[in-house]
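Colleague: Chains as they are written, first to last, in the working numbering: chain A, 1 to 228; chain B, 1001 to 1230.
These are computed hints drawn from the structure, not numbers from a lab. Here the structure is a predicted model, which is why all the values come from computation and not from measurement. Honestly, I wouldn't trust all of these hints.
To be verified - Sample of chain B residues with no beta-carbon within 10 Å of chain A, all distances over it, derived:
1. 1041
2. 1146
3. 1200
What the hints assert, rightly or not - Label-pair ranges, simulated between beta-carbon atoms:
4. B:1222 with A:201: 37 to 45 Å
5. A:201 with B:1155: 47 to 55 Å
6. A:223 with B:1223: 16 to 24 Å
7. A:141 with B:1128: 44 to 52 Å
8. A:162 with B:1188: 32 to 40 Å
9. A:189 with B:1218: 28 to 36 Å
10. B:1218 with A:128: 32 to 40 Å
11. A:137 with B:1218: 53 to 61 Å
For glycine and all other residues, C-beta sits at the position ideal for the given N, C-alpha and C.
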Amino acid sequence: MLVVWDYLPLILKGMLLTVEVALLSLLIAVALGILGALAKLSRSRVARAVAGVYSTLIRGIPDLVLMTVIFFGGQVLVNRIGELFGWEYIDVNPFTAGVLTIGFIFGAYMTETFRGGILAVPRGEIEAGFAFGMTPLQVFVRITFPAMMRHALPGFGNNWLVLAKTTALVSVIGLHDMVYNAAVAGGSTRQPFTFYLVVAALFLLITAVSDAGLRRLNKIFSAGVRRA
Amino acid sequence: MDFAAIIGNLDLYLQGLWVTVQLVALALVIGLALAVPLALAASARRVWVNFLPHAFIYCFRGTPLLVQIYLIYYGLGQFAAVRESFLWPVLSEAYWCALISFALNTAAYTGEIIRGAMAQTPAGEIEAARACGMSPAMTYRRVILPSAFRRALPAYGNEVIFMLHGSALAGIITIVDLFGAARIVNSRHFVPFESYITAGFFYLCMTFLIVWAFKFIERHWHAHLKPLRG
């Protein structure tokens, strides 16, 4: 059991990267999700079609396959385009690829979550905002978004928990996250089970902390809602 | 774009597709068989009965499937007791390790789905069953479980799709499933974009097939919920 202590700093360093990847992709996912939801609910037929194709395609293909398409395929595609324009060889950084891919995937799930949330906001509240002379952006920031978050929060929480677990896949494209580092530690000590078990426990820790955080968020966004 | 290599290896993809279908179908059947008793035990009132099922569900839903596969495939060999046991021929093979981890994983998710659906059974239905003189076992068999299965159907459809997508991880531990086939084609011909996107296309088709199948089943099972046509 003592070797675990020797390698714990390595695993924790990996955990830091895992959390970093997760939070950055969450940021992208939320941005894409809001854009996607607005597009799906917009009057423009083109915007609706683009958002529809995005959320259907992404949710139909496994995350691992998308990640390899974007990381390995993107690398080749970028350089094939580069050849045409005479650019120098471009190295796609696995960290960027990982964050972009996970953000891109969960943007599709967030699109559905936020779409449902926006639909749950009473129409009158939005109309009242416009009646006060607010711009569409002001209406969204001041009324639609805060009101929608309460309805979207359960779905948002689920997406976040799945996203955090999906970050384990970045080890496959060579990022030194905690799964990758556990493989290293397990290989050199010949105790893979021990180290993967440690990683599993750390994921449970992330889940537990997230649960507590989500409960707080739920309290904030449910302010003023009467409970039976 | 160079899809010549893909066309030349189409049979490899089809073999991979068959392995994926096999793995997912077997995992789902085993998982569902485990999930029902798991859900029953998890919704028991006594703590010593529901504690272990709850812990199982919590652990398997709280950790990545990738880590679960690694624990079983790479991890179990750490123990001499496992290596010397009669189970080693099974546990040293990637295919069985993948199947075991998939089945346990989907059992945990499905168990939670069924448990949640059972918890939502209207109290009136159970009271009515009791008033008709049904024993607890008969109440479960005739009232609680059938109505819970109906309510669980949409969520279970999502779980089936998640299992299909999760099964791509089998390709990482040397199994030639759909994703494994894409990896082989890529390593032979170096066409990363084309090889992986082809696998993606097959997964997409299967996803649509599953969505369509569940719509079909829901139409049958939920026929009584449809609005009357005037």
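Colleague: For each hint, tell me whether it holds in the structure or not.
Modeller: So, going through the hints one by one against the coordinates:
1. 1041: Answer for residue 1041 of chain B: holds, closest chain A Cβ roughly 21 Å.
2. 1146: holds (27 Å)
3. 1200: Violated, since 4 Å does not exceed 10 Å.
4. B:1222 with A:201: 37 to 45 Å: holds (41 Å)
5. A:201 with B:1155: 47 to 55 Å: Cβ of residue 201 of chain A to Cβ of residue 1155 of chain B: about 27 Å, so the range 47 to 55 Å is violated.
6. A:223 with B:1223: 16 to 24 Å: With a Cβ separation near 42 Å, residue 223 of chain A and residue 1223 of chain B fall outside 16 to 24 Å, so the hint is violated.
7. A:141 with B:1128: 44 to 52 Å: holds (50 Å)
8. A:162 with B:1188: 32 to 40 Å: The hint (32 to 40 Å, Cβ to Cβ) holds, given that residue 162 of chain A and residue 1188 of chain B are roughly 33 Å apart.
9. A:189 with B:1218: 28 to 36 Å: violated (50 Å)
10. B:1218 with A:128: 32 to 40 Å: holds (38 Å)
11. A:137 with B:1218: 53 to 61 Å: violated (40 Å)
Of the numbered hints given earlier, the model fails hints 3, 5, 6, 9 and 11; all others are met.
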